[in-house]
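K.L.:
Sequence:
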Amino acid sequence: MKSRWQSILLYFVKPASQSTCNFFLVNKCFLQREMNSLLMSAPLQICTAFLCSTLYILLILELNVRKTIFDKDKAVSSERLAFSSEALSFRYVILPNITKCRSSAVKAVVVVLSRAGNGKIRSAIRESWASERNSQVIQGRCELCYYSTAHPFFAVVPSDFIDVELLLAIGQNGTTIVYFIVSSPKYNFELDSLAAEKRLYNDIIALDITESYGNLILKVYATLMFYRQHCEQVAHLIKVDDDVVLLLDKILSIRKNVDENVIYCQLWNNHAPSRNPISKWYVPRSSWPQDVYPDYCDGPAYIIGRKAAKKLLDATPKLRRFYFEDVFFTGIAADFAGVARRNWSDVMIFTDRYYWRARDECSIANTSEVVAVHSLPSPESLKSGFKKALRFKCENIKRYVMHYWN
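In the numbering used here, the protein residues as written are 402 to 807.
In case anyone wonders, no lab produced these hints; they're calculated from the structure. For glycine and all other residues, C-beta sits at the position ideal for the given N, C-alpha and C. Keep in mind that the hints are not guaranteed to be accurate.
Unchecked claim - For lysine-lysine, the following DSS-like pairs were computed, each having C-alpha atoms within a straight-line distance of at most 30 angstroms:
{"#": "1", "residue 1": "Lys681", "residue 2": "Lys788"}
{"#": "2", "residue 1": "Lys719", "residue 2": "Lys599"}
{"#": "3", "residue 1": "Lys789", "residue 2": "Lys719"}
{"#": "4", "residue 1": "Lys719", "residue 2": "Lys708"}
{"#": "5", "residue 1": "Lys719", "residue 2": "Lys681"}
{"#": "6", "residue 1": "Lys784", "residue 2": "Lys599"}
{"#": "7", "residue 1": "Lys587", "residue 2": "Lys599"}
{"#": "8", "residue 1": "Lys788", "residue 2": "Lys587"}
{"#": "9", "residue 1": "Lys599", "residue 2": "Lys681"}
{"#": "10", "residue 1": "Lys681", "residue 2": "Lys501"}
{"#": "11", "residue 1": "Lys587", "residue 2": "Lys784"}
{"#": "12", "residue 1": "Lys501", "residue 2": "Lys784"}
{"#": "13", "residue 1": "Lys587", "residue 2": "Lys712"}
{"#": "14", "residue 1": "Lys501", "residue 2": "Lys521"}
{"#": "15", "residue 1": "Lys708", "residue 2": "Lys501"}
{"#": "16", "residue 1": "Lys788", "residue 2": "Lys712"}
{"#": "17", "residue 1": "Lys501", "residue 2": "Lys788"}
{"#": "18", "residue 1": "Lys708", "residue 2": "Lys521"}
{"#": "19", "residue 1": "Lys587", "residue 2": "Lys708"}
{"#": "20", "residue 1": "Lys521", "residue 2": "Lys719"}
{"#": "21", "residue 1": "Lys521", "residue 2": "Lys712"}
Said to hold, decoys possible - Label pairs and their computed distance ranges (CB to CB):
{"#": "22", "residue 1": "Gln691", "residue 2": "Arg792", "range": "25 to 31 angstroms"}
{"#": "23", "residue 1": "Arg534", "residue 2": "Arg676", "range": "45 to 51 angstroms"}
{"#": "24", "residue 1": "Ala673", "residue 2": "Ser490", "range": "30 to 36 angstroms"}
{"#": "25", "residue 1": "Asn744", "residue 2": "Tyr588", "range": "38 to 44 angstroms"}
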């Protein structure tokens, strides 16, 4: 049976070929050599005891102390989030390839909010709904992904049945770019994995903030800032969590004249804050004295027009900080800035409510209009959920017909 010290060493490294202890530098080679020394029961009692004690301390630090991962001198850029009552600072420490985002051909940029340790989930997204193999708009080949006013079907549909200003949200002859935004890793092995991801995919935005629910407001602000600074010609930002499946080729219903000043989402109307002190959603009256929130977007997925994003950023310094990012940006700040919200509740469905028996409006092309499915927390559920969403059909051209899985 391996000793406690052998188990600790196995936590860090795999056995290496060397088996002697020649120096006392805490590095990978050093640990590898002493791993074999222990496994082979070499007669290096003093060296082994010293190593084990040192590694035990390192293990405690690794598990209990958040490491300072990023060198301040290596920050790509520094930003300041100012509210009316306080100011917060953060830095972009990793930025992806932003050349494509500056192209006028790009019609939408998707930023997925993720955690540093969710590498497998990001891989599942890249292999499913964000894959060039599965989405024409990712490839930039989409001239008519779903339908537009140029479609011949419009000639035979009564004018009072359709909105003649319906346009594709993410582009005729355009492309869509997908990025992932994460907070700084908690452990070194997460940093190594994240750096490898960045080199392989070049789609990671990393911040130097701690991962927490309270810091989501910083993460969303950083997303909006990235969009404004690096993708200024792109008409729409799609903010999405990493447990959501998007059908990018079907996102539609943006009105031509107001699309850049609108947020499209599942809208909460007349939603009351929780006054229960033990609730996760508790809000004291000192933070929000009104009985209801402004209408706001549910957080997992929403689409923000370019003008709307600018207005939200401009409004933020004039408002007090609020704990819930979706209420703050899409409710309080949107109200203050005069940004309209359009309810897409019928096309953004949730697995805990609609996944197996969804209801929404059929499109004029007699296909399901569902564009987003939420609450798919594992790589496997994301992949299978994407396949099911692609097969999601309505029975005929009606309003609010039942859907089923093929």
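K.L.:
Hint by hint, where does the structure go against what was stated? Just the numbers, ascending.
P.N.:
Numbers 1, 2, 3, 8, 9, 10, 13, 16, 18, 19, 20, 21 and 22, in rising order.
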